[in-house]
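Student: This is what each chain is made of:
Protein chains: 2
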Amino acid sequence: MDIEEANLTLSRIALKTNLSEGPEGIGKILRNINNIKGIPIHDLSKAVSIPVPVIAAIRKEMEKDGLLTRDSGMILTHLGESLLKSIGVSGKKKLFLDHGYIFPNFLKDIKLDLEQIYKNRPEPNFSLDQSHVDSVTAIMRAAYLYHHDAVEGRKILLLGDDDLTSIAIILLSQELKMYPKEIHVIDIDSRILDFIETVVGKTEINCKLTNADLREPMDEDLRSQFDVFFTDPPYSINGFKLFVSKGVESLKNESGKYGFINFPFRPPDETVEIFNLMNHMGLALQEIINGFNSYVGAQIYSGKSNMIRCVTTFNSKPLYIDKSLPIYTASRK
Amino acid sequence: MDIEEANLTLSRIALKTNLSEGPEGIGKILRNINNIKGIPIHDLSKAVSIPVPVIAAIRKEMEKDGLLTRDSGMILTHLGESLLKSIGVSGKKKLFLDHGYIFPNFLKDIKLDLEQIYKNRPEPNFSLDQSHVDSVTAIMRAAYLYHHDAVEGRKILLLGDDDLTSIAIILLSQELKMYPKEIHVIDIDSRILDFIETVVGKTEINCKLTNADLREPMDEDLRSQFDVFFTDPPYSINGFKLFVSKGVESLKNESGKYGFINFPFRPPDETVEIFNLMNHMGLALQEIINGFNSYVGAQIYSGKSNMIRCVTTFNSKPLYIDKSLPIYTASRK
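Heads up: the sequence lines are chains A and B, in that order.
Residue numbering for the first sequence follows the numbering used here, starting at 1 and increasing by one per position.
Residue numbering for the second sequence follows the numbering used here, starting at 1 and increasing by one per position.
For the record, the hints were derived by calculation from the structure and aren't laboratory data.
Be careful, since some hints might not be right.
What the hints assert, rightly or not - Only pairs whose alpha carbons sit at most 27 Å apart, straight line, appear in this in silico DSS-like list of lysine-lysine:
(1) A/Lys92 with B/Lys92
(2) B/Lys208 with A/Lys94
(3) B/Lys252 with A/Lys85
(4) A/Lys93 with B/Lys119
(5) B/Lys85 with A/Lys252
(6) B/Lys37 with A/Lys92
(7) A/Lys16 with B/Lys202
(8) B/Lys108 with A/Lys93
(9) B/Lys181 with A/Lys37
(10) B/Lys304 with A/Lys181
(11) A/Lys177 with B/Lys304
(12) A/Lys252 with B/Lys92
(13) B/Lys177 with A/Lys93
(14) B/Lys37 with A/Lys94
(15) B/Lys304 with B/Lys119
(16) B/Lys208 with A/Lys181
As the list claims (entries may be wrong) - Covered, in the sense of this in silico footprint (three residues per stretch, anywhere, with C-beta under 8 Å from a C-beta of chain A), are these stretches of chain B:
(17) 125-136
(18) 261-271
Unchecked claim - Example chain B residues on the side facing chain A (calculated, C-beta under 8 Å, incomplete):
(19) Ser90
(20) Asp213
(21) Arg215
(22) Phe314
Built from N, CA and C at the ideal position, the CB exists for glycine as well.
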């Protein structure tokens, strides 16, 4: 296959599957199949940050074009390999960088404590886009907040907490003997609040719980009160806008107050939209950590999401919310 | 000291020193001095991502207020400690997370090769905001590009290359036997191009060199040509806008083409401005890695900057540049 035909093939498949990542995204999929022969669809989805159903559609097109066969997983045909060669890609991936935030070994005991607590937690309610992080992620979230001085002496608001990050923060506070001033959980699902109450009731931590729908106006006593907000919003743009906007509304009207937002990779155009919303709220990005969060079970986004850390400016403000818009991905079907 | 007085003190110092990070930034400085007693001003600057001259002004105010004394470095007085206690901060930092991208051991030989080459490199021209990264950073940049499939088979443009990242990419290509299709360096400083030519002349790599000022219109044959751009722009907003905009102009008009931008932490309001520019160019943020780059020698930003990775969308476009505006920080004095 010559280079022109290779590029045409990539473009044609991208167009046919309406892929927002373009021909570049198709090339990325081919490279990854070439790197790990027989790669399962969920692993491929994780590697290229493209949802499983989209990959399935692309796989079908590639099979039609004779680029791909399936054995136990996906394998390139000679034609697929020849396409890669003509765009200058030789073969295996020879370099993989280790990266990320490393779980501190001295926290393994509280990880076990958390796992004990998890045994009795409420099951996820998928209609609310609930999906639980694993225990390592929950502890790492708490540790990450500590690392950035966002716990000790702080008033922290969690907007939605089916992940029980609040409990991880409390366990870590007790371990370090460095306490938040207040930890406040707001959730639409009273089962979660009840569960947190039974766990935290045994401690001296100042923990407040509010049962509310974020689409409704926020209680006066939650506005302009907090040093830190933390959220893992529904994975729609409206969900992101709503949860982050309410987070901004909850923070003190000062520069440098913290927002921690957990959100998966989205297609490039939606990604621009998401960071546009953050800019409009006057939130200054500090860090984006790929794959910080691991979720239990198989999901459309393959069980990984990014941690986004930001701080307020003097001009931070919540955005207008049209509360009739759907926010849960389940409601978008 | 009671909490009200503590908060007033933080606000007063923030106002007096015109600190864009606000009272939160003053608190952060106090926490860090408390964590590492006798901390040198450059280390403190690095820890809180605030430039050294600004820290010096804040130190002066804190001394006036009796919060701080100086011995070999900065130390809190009893009053300073009491302020922290009243905002709920107990004492030492008990948790530090290891993070980042880990240097692969098998690349240490090419790191040594690069250091040999560095011995004869041109001295930095500070009027052009040149400042060299260390050899580990240069190799890690190349490795990071490989990790993200931004080298093999790619046409890569480096906008400014006093860091000699091009040479690191070439050394790594030879090591891995996975080659870029083209590596192109554009620089205003012909000394750098001459130096790269002497090094690359001995290889088979397709390396092109263009001596040009990015403030001038870009050559036709550099526009819409590349898969990847890489830049470490001057640390002014105009510098960022100019270099990144030219990077976008150089990329093929497709979704998913790569931009790698190296830039230090700025105050929150400037940070919003910077990511606003990226949004306006239609660049989708993928990752922000804190402290990825280490620079040789002491600088105003304490020798560290972040790696920002982004990809194009279908709507990516360069911005209008007012070429009369200063772009180098030296010219802003």
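Student: The structure should be examined with respect to each hint, and the outcome stated for every one.
Tutor: Cross-check of the supplied hints:
1. A/Lys92 with B/Lys92: violated (47 Å)
2. B/Lys208 with A/Lys94: holds (26 Å)
3. B/Lys252 with A/Lys85: holds (20 Å)
4. A/Lys93 with B/Lys119: Distance of about 32 Å is beyond 27 Å: violated.
5. B/Lys85 with A/Lys252: holds (20 Å)
6. B/Lys37 with A/Lys92: The hint is violated at about 50 Å.
7. A/Lys16 with B/Lys202: violated (45 Å)
8. B/Lys108 with A/Lys93: Status holds; Cα separation ~19 Å.
9. B/Lys181 with A/Lys37: holds (25 Å)
10. B/Lys304 with A/Lys181: violated (33 Å)
11. A/Lys177 with B/Lys304: violated (32 Å)
12. A/Lys252 with B/Lys92: holds (26 Å)
13. B/Lys177 with A/Lys93: At roughly 11 Å apart (the allowed maximum being 27 Å), A/Lys93 and B/Lys177 satisfy the hint.
14. B/Lys37 with A/Lys94: Distance of about 45 Å is beyond 27 Å: violated.
15. B/Lys304 with B/Lys119: The given pair, whose Cα atoms are some 22 Å apart, holds under the 27 Å limit.
16. B/Lys208 with A/Lys181: violated (59 Å)
17. 125-136: Violated: only 0 residues of the segment 125-136 of chain B have a Cβ under 8 Å from chain A.
18. 261-271: holds (count 4)
19. Ser90: holds (6 Å)
20. Asp213: violated (30 Å)
21. Arg215: violated (26 Å)
22. Phe314: holds (7 Å)
In terms of the numbered hints stated before, the structure departs from hints 1, 4, 6, 7, 10, 11, 14, 16, 17, 20, 21, listed from lowest to highest.
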